[in-house]
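Asker: Please work from the sequences and hints to get the whole structure.
Residue numbers (the UniProt record's numbering), protein chains in the order written: chain A, 1 to 394; chain B, 1 to 394.
Don't read these hints as lab results, they were simulated from the structure. Hints may be right or wrong, so weigh each one.
SDA-like, lysine to any residue: derived pairs with alpha carbons at most 25 Å apart [stated by the list, open to error]:
1) B:Lys278 / A:Arg219
2) A:Lys278 / B:Asn201
3) A:Lys278 / B:Asp217
4) B:Lys278 / A:Asp217
5) A:Lys278 / B:Arg213
6) B:Lys278 / B:Leu242
7) B:Lys278 / A:Asn201
8) B:Lys278 / A:Gly220
9) B:Lys278 / A:Arg213
Selected chain A positions facing chain B (in silico; Cβ < 8 Å) [as the list claims (entries may be wrong)]:
10) Gly134
11) Arg202
12) Cys203
13) Ser210
14) Ala216
15) Ala267
16) Ile268
17) Asp273
For every residue, glycine included, the Cβ atom is placed at its ideal position computed from N, Cα and C.
There are 2 protein chains.
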Amino acid sequence: MSLAPSLAPALNSPLPPPEALPQLPYVSRLLRVADRSEPLVLRSGESLERVDVAYETYGSYDGTNAVFVCHPLTCDAHVAAHGPGDRPGWWDAMVGPGRTIDTDRYFVVCANVLGGCSGTTGPTSPRADGRRWGPGFPAVDIADMVAVHRRLLDALGVGRLHAVVGPSMGGSQVLQWLLDRPGDAATFVAVAGTARLSADNRCWNAVARSAVRHDADFRGGHYAPGAGPRSGLATARMIGHLTYLSEPELERRFGHEVSGPRSGPAAIAPYLDHQGAKFVDRFDANSYLTLLDAMDRFDAFARPSVLGRVPEVPGVLLASLRGDRRFGREHSVHMARGLAERGVRAEHHHETETEAGHDAAILELPQLAARIGAFLSAAPQLPKDGRRRSCTVG
Amino acid sequence: MSLAPSLAPALNSPLPPPEALPQLPYVSRLLRVADRSEPLVLRSGESLERVDVAYETYGSYDGTNAVFVCHPLTCDAHVAAHGPGDRPGWWDAMVGPGRTIDTDRYFVVCANVLGGCSGTTGPTSPRADGRRWGPGFPAVDIADMVAVHRRLLDALGVGRLHAVVGPSMGGSQVLQWLLDRPGDAATFVAVAGTARLSADNRCWNAVARSAVRHDADFRGGHYAPGAGPRSGLATARMIGHLTYLSEPELERRFGHEVSGPRSGPAAIAPYLDHQGAKFVDRFDANSYLTLLDAMDRFDAFARPSVLGRVPEVPGVLLASLRGDRRFGREHSVHMARGLAERGVRAEHHHETETEAGHDAAILELPQLAARIGAFLSAAPQLPKDGRRRSCTVG
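Answerer: Structure below.
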């Protein structure tokens, strides 16, 4: 799609007025990708007349080397540190100079998802009347997140990508992107992703959601900024966090045989409390529910896809992790099967180096990194499209 | 141990005054097994100067045929219906006329555990000053529950048992009983029990406990009778309940492929809400925490046992269930190993007929029932001890 001319120059623009960035110290840039003249029509049929996207970029764009990284449920655009003095990114293990997604070689873009609370429009954002969306924010689908990513790239002047890569919910965005716009990238890489939640996944999400909603401080989502269902959200996070860790990993950290100030059985409650408190300080409850709902509704293969009808078949790599009780091996097998039915043969890498579980998707895993690195390098380079554009580190 | 004479006649006594039975419509009988003259000294060193036990009996005692059934975490003394018109028991699949634990043949005793809230002394019971124990109820160990069961049997005039049987936390009581008093029964049967919680078990318990404690209505445990942390306790129950069910079982009930008024993805939230609400209506939060804590502290093989020093080695059957993510196969393997180190060879039955998970421990499983039935029948019958006593159905 083409964007209104008024939006295009936003690349490398200074930060927008503070009201648009309520509590986000670490957004590098913000770009408006939908406004009244070009609203974003969601899958649900609802429209958003204003969508701002918080994004970060790494490396320089040469017209052929763009890699879009899609983030997991509660991460943000800060996929990697912008140098030694910067705060850590959520996927420093994979993205950076000399890393698998080498920012000396690739132009990396990462954006906070639609419905998130780290800069991109979501329940904490102002509506047209200046009040926060809160619980009235429309239902968002994974496909809507992808549509916003695509608008961002259009505005940045990035056409076809070398790759779209993402772990966990990021992997679901990768799959949706492949199904909706297979011509958008040479390669698609989903790490520990899913095409559809299992009944078990949904059940845990239901308990998490219930814990948030039944917290008296939730007030139907109408809590004041900075307030909200702290204990319910902390419980929800603890539940989620435990499903990210494998039983062997928990035993290694908290089993009877280990001891230390932060290990062994006595460390469990403080550890989980800390996970809960840390999360509550950085995440908004309405946004959390919006994203959980998006995952619950996600069913990648339920709708028709153009995938079987495009002449150029992209390369697809699906990676699953041992001990992953969130989106384990069978989720990648299911994705591969669905793609095969649409004429695309996906490679499936099952990581055996770790048994740390879903959490390992963003950890340092040399075997997985090597596989992804080789996959990205083997992909045919895009022809230069003459839209070379230099971007400084954001 | 011998009980004070004043306690013995309580057998078949009428129900005690209402204050001792605050909200329990279905206690059959109540017996005082500790009083000021014979207090119960807990493992922690604390003493209880009054312990009442709610129990039910089935069948007739002939001096040789007593079977004690230990109940899981949140069950009670009502192990089976007392006839066609009675409300269902929690283990009707196993206990009753013609069933595996055949009440036409065995004299079955089941008692609510110490610390529970279904009639036996626990946090909802009155202290000496008439006020409820509440959060001040002493820490209870599995060994304390067993000691109370033993006092109950003494008071009932039951000496050596034919068998002690129990699923889940009941299985842990069985193991503790075996370690503390191996001469008490000819056979010990633990179904889906554990000698010690895994790190994963403890983590889920920690989240459940946190949900209860952080509910504003918990008030440090000082809530009024009938009030309390409803939403936190419901969340805790949902968490527990999900760990009792296997992934395949959840998929069978709530997967995409199934539909119906009570199945498929849309049924998940109502189902879990119902599980939570049902539990909150019947269980006390302080009691729940007391029992969770007992399980967390339980470590059967950490203390010396007389087991290796008794001449007569009882028969031990350990059963584990496929898909059990609470106390699965490895828990029974661990119990068998610990017993082997103490000179007792336990039989281990791994049930493959179901993959319903931990919950299946109290369901109808013909293969498991047959194995337990054969095991009970093969055990040497006790010599008649002349203490025959007839009990009517309670």
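Asker: Grab the minimum C-beta distance from A:Ala267 to chain B and call the hint holds if it beats 8 Å, violated otherwise.
Answerer: For A:Ala267, the interface hint is violated, since the closest Cβ of chain B sits about 10 Å away, which is over 8 Å.
Asker: Decide if the proposed pair is consistent with the structure: B:Lys278 and A:Arg219, CA atoms, cutoff 25 Å inclusive.
Answerer: Since the Cα atoms of B:Lys278 and A:Arg219 sit roughly 24 Å apart, the hinted pair holds (cutoff 25 Å).
Asker: Would the hint on A:Cys203 be counted as holding, given a Cβ-Cβ threshold of 8 Å to chain B?
Answerer: Hint holds; A:Cys203 Cβ to chain B Cβ min 5 Å, cut 8 Å.
Asker: Given the hinted pair B:Lys278 and A:Gly220, is their alpha-carbon gap at most 25 Å?
Answerer: holds, 23 Å
Asker: Check the hint pairing A:Lys278 with B:Asn201 against an upper bound of 25 Å on the C-alpha distance.
Answerer: Within the cut-off at roughly 23 Å; holds.
Asker: Tell me if A:Gly134 is really an interface residue toward chain B, meaning its C-beta lies closer than 8 Å to one of theirs.
Answerer: violated, 21 Å
Asker: Hinted pair, alpha-carbon criterion (25 Å max): A:Lys278, B:Asp217. Please report holds or violated.
Answerer: Given pair A:Lys278, B:Asp217 holds - Cα atoms ~23 Å apart, limit 25 Å.
Asker: Holds or violated: is the Cβ of A:Ile268 closer than 8 Å to a Cβ in chain B?
Answerer: Hint holds; A:Ile268 Cβ to chain B Cβ min 5 Å, cut 8 Å.
Asker: B:Lys278 and A:Arg213 were given as a pair; does the straight-line alpha-carbon distance stay at or below 25 Å?
Answerer: Answer holds: B:Lys278 to A:Arg213 is near 18 Å, not above 25 Å.
Asker: Can A:Asp273 be said to touch chain B, with a Cβ gap under 8 Å?
Answerer: holds, 7 Å
Asker: Are B:Lys278 and A:Asp217 close enough, with their CA atoms no more than 25 Å apart?
Answerer: holds, 23 Å
Asker: Check the hint pairing B:Lys278 with A:Asn201 against an upper bound of 25 Å on the C-alpha distance.
Answerer: The given pair, whose Cα atoms are some 23 Å apart, holds under the 25 Å limit.
Comparing the model with each numbered hint stated earlier shows that hints 10 and 15 do not hold.
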